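*Asks:* For reference, the chains in residue letters:
Protein chains: 2
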Amino acid sequence: MDQLPVTKLNKVRVAKRASYDEATIHAILDEGLVAHVAFVQEGQPIVLPMVYGRIKDQIYIHGAKATRLLKQLKQGIPACLNVTLVDGLVLGRSAFHHSMNFRSVNIHGTARLVDDEQEKYDALVAITDHLAPGRWDECRDMTQKEANATTVIAVTIEQAAAKARTGMPIDDEEDYVLDHWAGIVPISTAFGPAINDCRLKDGIPVAESIKKLTNRSA
Amino acid sequence: MDQLPVTKLNKVRVAKRASYDEATIHAILDEGLVAHVAFVQEGQPIVLPMVYGRIKDQIYIHGAKATRLLKQLKQGIPACLNVTLVDGLVLGRSAFHHSMNFRSVNIHGTARLVDDEQEKYDALVAITDHLAPGRWDECRDMTQKEANATTVIAVTIEQAAAKARTGMPIDDEEDYVLDHWAGIVPISTAFGPAINDCRLKDGIPVAESIKKLTNRSA
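Sequences listed follow chains A and B, in order. With the first letter of the first sequence counted as 1, position 201 gets the number 192 in my numbering; the numbers rise by one all the way through. With the first letter of the second sequence counted as 1, position 168 gets the number 159 in my numbering; the numbers rise by one all the way through.
If we strip away everything but chain A, and leave its shape as in the complex, we get (with noise of 0.2 Å):
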């Protein structure tokens, strides 16, 4: 499925900022670092902050076994994701005009407990790879006593959309005129050179995942 339908709980207001186009949902998907995914306990809303992986359409999250947010979607209850990518600050002539320059993916679906244990290793394996793509093999080998102390959940990408903005503010064309300044700052997300642990054995090279990542700044 290349388009994802448009529902009454995915639909984006500003027709002309919305794609539904899954290709464009999982790029966005696989460049962030950080998903925001929210639940409901007790009525309250709450959000928390997870590192995350995708195989095909589904997210996988995971953690301990106390933590709160995995006790509470193990259950089975509705989830929300969101992953924004900031690109920049949009700055028109009047503070109205004012505007960010991203790209964003929500995600509505149903929480999961993953307790086949291939589809278990191969999402702690797409988290893992997520932060640095190869660094699971790098890694010594999971131990069984890990993969249980792990829970991972999965969310399926089935009511989902991408939000995007580009390009310079959109000022009311009165205001071309004025002399106040507008433009745009780009925003980037830049990784520093890797720093040893301070007890790492002498000699080790830095590993070949993280030489790349370091290279790269998106």
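These are computed hints drawn from the structure, not numbers from a lab. Since the model is a prediction, treat every value here as computed from it, not as a measurement. Each hint can be trusted.
DSS-like cross-link-like pairs, simulated, lysine-lysine; straight-line CA separation at most 30 Å: (1) K56/B <-> K(-1)/A; (2) K7/B <-> K136/A; (3) K202/A <-> K154/B; (4) K7/B <-> K111/A; (5) K136/B <-> K7/A; (6) K111/B <-> K7/A; (7) K154/A <-> K154/B; (8) K7/A <-> K56/B; (9) K154/A <-> K56/B; (10) K7/A <-> K65/B; (11) K192/A <-> K7/B; (12) K154/A <-> K111/B.
Following the hints, position chain B against chain A.
*Replies:* Just chain B now, kept in the frame of chain A:
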């Protein structure tokens, strides 16, 4: 009040990472660019990214009157806000001890419509200056029509907590002898040089607030 009360709602499970100190919470809020705002609509959790501003213990968000989030929140329903600053990747010798360095604030409160004209004006100044301190005064004056077209919502910081992780990975003691690389990769939000609006009049220099912003890299 320097320390916020610890309640069932705002209590952070891992105590060593938690702070209920008002100054700590405010500092994180003031550095963030986007708040993730969650609410419940017809039983469904919804979370959306919003720009925001802070005045004392009030968080303000704003938007067009037709915005779903604002139409819901102005009814005075519970809201949860999260602001997260990502400071780095934490890469242990085991995947299990991978993590992120971050500073994050969660706020639980009841949203209210700001209908007092002076408070609404002050809130819009705070939201604009949050993007770039001093920017409001550089813009052309807000019109009454613009004020009327904008909805402003306040959430009081009542129940809130900060959560943070810093420093190196904490590996299992027996793993420190392994030959796997471990360490951290710092992450920062970088502001690029300002780009003039393509319709900017000749001879207008970049605004002072924006020059200062460009020299910051937080």
